[in-house]
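> Given next are the chains, with one letter for each unit.
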Amino acid sequence: MKIKFGIVVFPGSNCDHDAQYVTGSILGQEARLIWHKEGSLGDIDVVILPGGFSYGDYLRCGAIARFSPIMKDVVRFAQEGGPVLGICNGFQILTEAGLLPGVLLQNRSLKFVCEYVHVRVENANTRFTGACTKGEVLEIPIAHGEGNYFADEDTLQRLQDQEQILLRYCDAEGNVTDRSNPNGSLLNIAGIINEQGNVAGMMPHPERASDPVLRHIDGKKIFDSLVESFVPALL
Amino acid sequence: MNLTTSLSEPIVNLNLALEHGLSAEEYDRILQILGRVPTYTELGIYSVMWSEHCSYKNSIAMLKTLPRSGAKLLVGAGAENAGLVDIGDGLAVAFKIESHNHPSAVEPYQGAATGVGGILRDIFTMGARPIAALNSLRFGKLDNDRVRYLFKNVVKGIGDYGNSFGVPTVAGEVYFETCYTANPLVNAMAVGIVEHGNVAKAVAKGEGNLVMIVGSSTGRDGIHGATFASEEISEESEAKRPSVQVGDPFTEKLLLEATLEAIKAGLIVGIQDMGAAGLTCSTTEMSAKGKSGMTIDLDRVPLRESEMSAYEIMLSESQERMLLVVKPEHEVEILKIFGKWDLHAVTIGRVEKGNRVRVYHHGKLKADVPAPSLVLGEGAPVYIRDTREPEYLKSTRRFDPETLPEPEDLKKILFKLLGSPNIASKRWVTRQYDSMVRTNTVDFSGDAAVIRIKGSRKALAIKTDCNARFVYLNPRKGGQIAVAEAARNVVCTGAKPIAITNCLNFGNPYDPEVYWQFKEAVIGIGEACRILDTPVTGGNVSFYNESPEAAVYPTPVIGMLGLLEDIDQALSYAFQDSGDDVLLIGRTGGHVGGSEYLHVEHGMVAGDAPDLDLTYERSVQELLLELNKRGLLRSAHDCSEGGLAITLVESCLGPRISRGVNIEAQSDSLRPDFWLFGEDQSRIIISCAPTQTREILRIGREREIDIQTLGTVQEGSRLVIKGLLDVDLEEARRAYELAIPRLMGEIDEVSLT
Chain L
127 MKIKFGIVVF PGSNCDHDAQ YVTGSILGQE ARLIWHKEGS LGDIDVVILP GGFSYGDYLR
187 CGAIARFSPI MKDVVRFAQE GGPVLGICNG FQILTEAGLL PGVLLQNRSL KFVCEYVHVR
247 VENANTRFTG ACTKGEVLEI PIAHGEGNYF ADEDTLQRLQ DQEQILLRYC DAEGNVTDRS
307 NPNGSLLNIA GIINEQGNVA GMMPHPERAS DPVLRHIDGK KIFDSLVESF VPALL
Chain X
2 MNLTTSLSEP IVNLNLALEH GLSAEEYDRI LQILGRVPTY TELGIYSVMW SEHCSYKNSI
62 AMLKTLPRSG AKLLVGAGAE NAGLVDIGDG LAVAFKIESH NHPSAVEPYQ GAATGVGGIL
122 RDIFTMGARP IAALNSLRFG KLDNDRVRYL FKNVVKGIGD YGNSFGVPTV AGEVYFETCY
182 TANPLVNAMA VGIVEHGNVA KAVAKGEGNL VMIVGSSTGR DGIHGATFAS EEISEESEAK
242 RPSVQVGDPF TEKLLLEATL EAIKAGLIVG IQDMGAAGLT CSTTEMSAKG KSGMTIDLDR
302 VPLRESEMSA YEIMLSESQE RMLLVVKPEH EVEILKIFGK WDLHAVTIGR VEKGNRVRVY
362 HHGKLKADVP APSLVLGEGA PVYIRDTREP EYLKSTRRFD PETLPEPEDL KKILFKLLGS
422 PNIASKRWVT RQYDSMVRTN TVDFSGDAAV IRIKGSRKAL AIKTDCNARF VYLNPRKGGQ
482 IAVAEAARNV VCTGAKPIAI TNCLNFGNPY DPEVYWQFKE AVIGIGEACR ILDTPVTGGN
542 VSFYNESPEA AVYPTPVIGM LGLLEDIDQA LSYAFQDSGD DVLLIGRTGG HVGGSEYLHV
602 EHGMVAGDAP DLDLTYERSV QELLLELNKR GLLRSAHDCS EGGLAITLVE SCLGPRISRG
662 VNIEAQSDSL RPDFWLFGED QSRIIISCAP TQTREILRIG REREIDIQTL GTVQEGSRLV
722 IKGLLDVDLE EARRAYELAI PRLMGEIDEV SLT
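Residue numbers (the numbering used here), protein chains in the order written: chain L, 127 to 361; chain X, 2 to 754.
The following block holds chain L by itself, in its conformation from the complex (with noise of 0.2 Å):
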């Protein structure tokens, strides 16, 4: 049985037809474009908030986004425990709304960065990281001008003790320093996911890493992890 990726369009997005490609083409699964102004998702499995620029990141990233008509249903499936995914803008979208705590802050160079970067995987206890091994070290890119991951000394505290870090920016061999932190997050701090679990947002872009014509494959471990955990489910 095919899984049902359900990838909300806002007028901006721009990585939502790459989302699709990598779950819908490269995994083979049911991958669909739910338009913002939908009142609803359907049937759905997962939802990903694609990448882009929502409403041109006119006002603050994001903070348009989600007053969209969709969103009070995204809310909804999320807070019955479906899981959601924000990648990039998605993530700032997930902030914005009160899924996921902390704000995304511009750059520390104040400048636009897209490369590819190492990130480590914190916790590989969770839907979105089952297929990773906790330390493992994937080469993932990122293109952003506002992912300088920020939060309250609390906050920080707290995703640390519960163990909501997913990724953090790292060289090569999985020492995470200053140096390899693009953006000037906190704590080098690459993606997160809420205390239930089933919301995550990440700055990496995994679906640009996740087609061997591109030589680049990390980050089709994200969406292989959220594929494997309906499996139980449906044992």
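The set of hints was computed from the structure by calculation and includes no laboratory data.
Distance condition first, Cα-Cα at most 25 Å in a straight line; then the derived DMTMM-like pairs of lysine to aspartate or glutamate:
| no. | chain 1 | residue 1 | chain 2 | residue 2 |
| --- | --- | --- | --- | --- |
| 1 | X | 157 | L | 241 |
| 2 | X | 328 | X | 208 |
| 3 | X | 427 | L | 297 |
| 4 | X | 341 | L | 169 |
| 5 | X | 265 | X | 208 |
| 6 | L | 237 | X | 174 |
| 7 | X | 427 | L | 304 |
| 8 | X | 153 | L | 272 |
| 9 | X | 455 | L | 350 |
| 10 | X | 427 | L | 241 |
| 11 | X | 413 | X | 401 |
| 12 | X | 341 | L | 199 |
| 13 | L | 130 | L | 199 |
| 14 | L | 198 | X | 343 |
| 15 | L | 237 | X | 738 |
| 16 | L | 237 | X | 747 |
| 17 | L | 237 | X | 146 |
| 18 | X | 337 | L | 164 |
| 19 | X | 455 | L | 241 |
| 20 | X | 455 | L | 156 |
| 21 | X | 337 | X | 300 |
| 22 | X | 427 | L | 265 |
| 23 | X | 455 | X | 196 |
| 24 | L | 163 | X | 332 |
| 25 | L | 163 | X | 258 |
| 26 | L | 163 | X | 343 |
| 27 | X | 497 | X | 569 |
| 28 | X | 341 | L | 164 |
| 29 | X | 58 | X | 29 |
| 30 | X | 157 | L | 272 |
| 31 | L | 163 | X | 262 |
| 32 | X | 265 | L | 164 |
| 33 | L | 260 | L | 304 |
| 34 | X | 455 | L | 265 |
| 35 | X | 427 | L | 272 |
| 36 | L | 237 | X | 144 |
| 37 | X | 153 | L | 241 |
Please arrange chain X on chain L, whose structure you already have, making use of the hints.
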């Protein structure tokens, strides 16, 4: 209805025409065409349509000498918004390059951004989805504050627009030379894919069909942009800042989706982007092409400012707008599609019999002009200007390389070259561009970008290229070299070059020396395109690239399109495995005229451009493609700026991991500096498994192409050239990677990997 001039409008006479950039002769011609004095709005219309930028009046005669046909070309050069090339499987590639030099000189961020926006619209207007963006940039030297400001903001403008729109910016070139200090060059190229059945045309036909304006509302930005682009940069240029348009990539992205949806649904008779000269250009060109007339009512145009006059609305260059011609029965569906994307779509007129474009405003007829009289290829003026061989060539040709002092320290020179911004890593630039969105980018760090086409085995290899110093020293040969090198770059990825687009950046065409450069360069480009079998699909001419100090180097940028039948055969420029043999295809003559070495070490731009035998060039390229097809190669890298030594360093460094190399070969006849840093053409450095070397040499002999064994790829990170150089590659990487960040005063933020 009679034509009306309101009291608030200026009185039209010869003086006003001259102020609009028209000549006395051209004004006379307008009087003849109309049989009366034009209205103020009409004068505005003629002045922009007959500006250099829209009419190509001083270039079109020469452009027609270029080879513009080929089996794979689906539309002729200049016939549509962009060139269209068949790549098989029912797919076609739309591609084009265009300049945005003058706007970028006064307002670098918006100038560059809207340059990208304009070229993207040219592509999706044809029904093609943009899959890659490229650029070609020229600035003064980075020790100048103003130049750093221009460089920084142009790069940011290009990045912000393309990134938000969602097209990967995958390749380009950036050079720094004093002649571009006040007049930078910003050329943007876009490439798109379209199924044959979904190609849209820029035509207005079918009496009674509706004319619709879609996209953004119209404001006062960009009025007279086309005219501004047709004069030299001067101290007054700063005052033209309001002539620069403001870009909105978010709206453009919506416009893309809505436009493609409408084209795919078969709802469009004709469509044209509103770029230079906005509504004027789109209404008159579409009418002339469809052999139709058109009536439009400006009261219906959505405006973003109040009290705009007919003149202003017709001349506005507000971005992210399109003009559509649709059948009346499709109006509702069009409104629905554009409404879904929250965009304006408003019917503003209808297609008429005859050939006149009639413009109404507040119920009054403000312009009534025969469309053909305005457009390129019909009524627009055509001039062939006087030429004179430039004086400076007498002194540059006197250069005798043997008089150069022979350097003691070759390593020092190598590092100087690596640290020269013309050669150094452009990562400071490229990491600000999203190079990967749409997940088709196989390689963007090599000689040309490789972009796969989903649903097929195919890939495109694309590159922009021009060594303007060579064109300056010898415009004809320089023009040939620009084409040859762009083709060679594409070949080095394993792709076959199939067609070009060009952006010809020159000074004032009324200067006979500039026109001589232009004419010679176009002849050279034509010669190379014929022999390399890469027809010209269209492009753009940008004259008046001058400041009070001087004209820029003649810079005819070539945008080359190549096709790779099998993505698995894509070649890298980087050395792969230690033990591989390193070979050099082509002849080395130690030519240093116009080289980066001569400039950096000896402070001169002199001599002649290197020799180029186009037939030999073609054979070299065919040889490389054959070797790759047979699976004999591990890497291939074009030997260009900085010569043999720099090309070797680049192949050693690769995009990430260094490989060492040990070069045993030596030259008996050449001075070491000339051998290492000379920039002879038609050369490619390849590497291969040692078991394949004999076969490669044999094929070379068979085809009478020189191939020389240079040495072998090594473990470790040293580049050793026997008796001449021994270099630590990590040190080389630092010099190469940090040069531009250092000049920009931002050394801290770059992490070396």
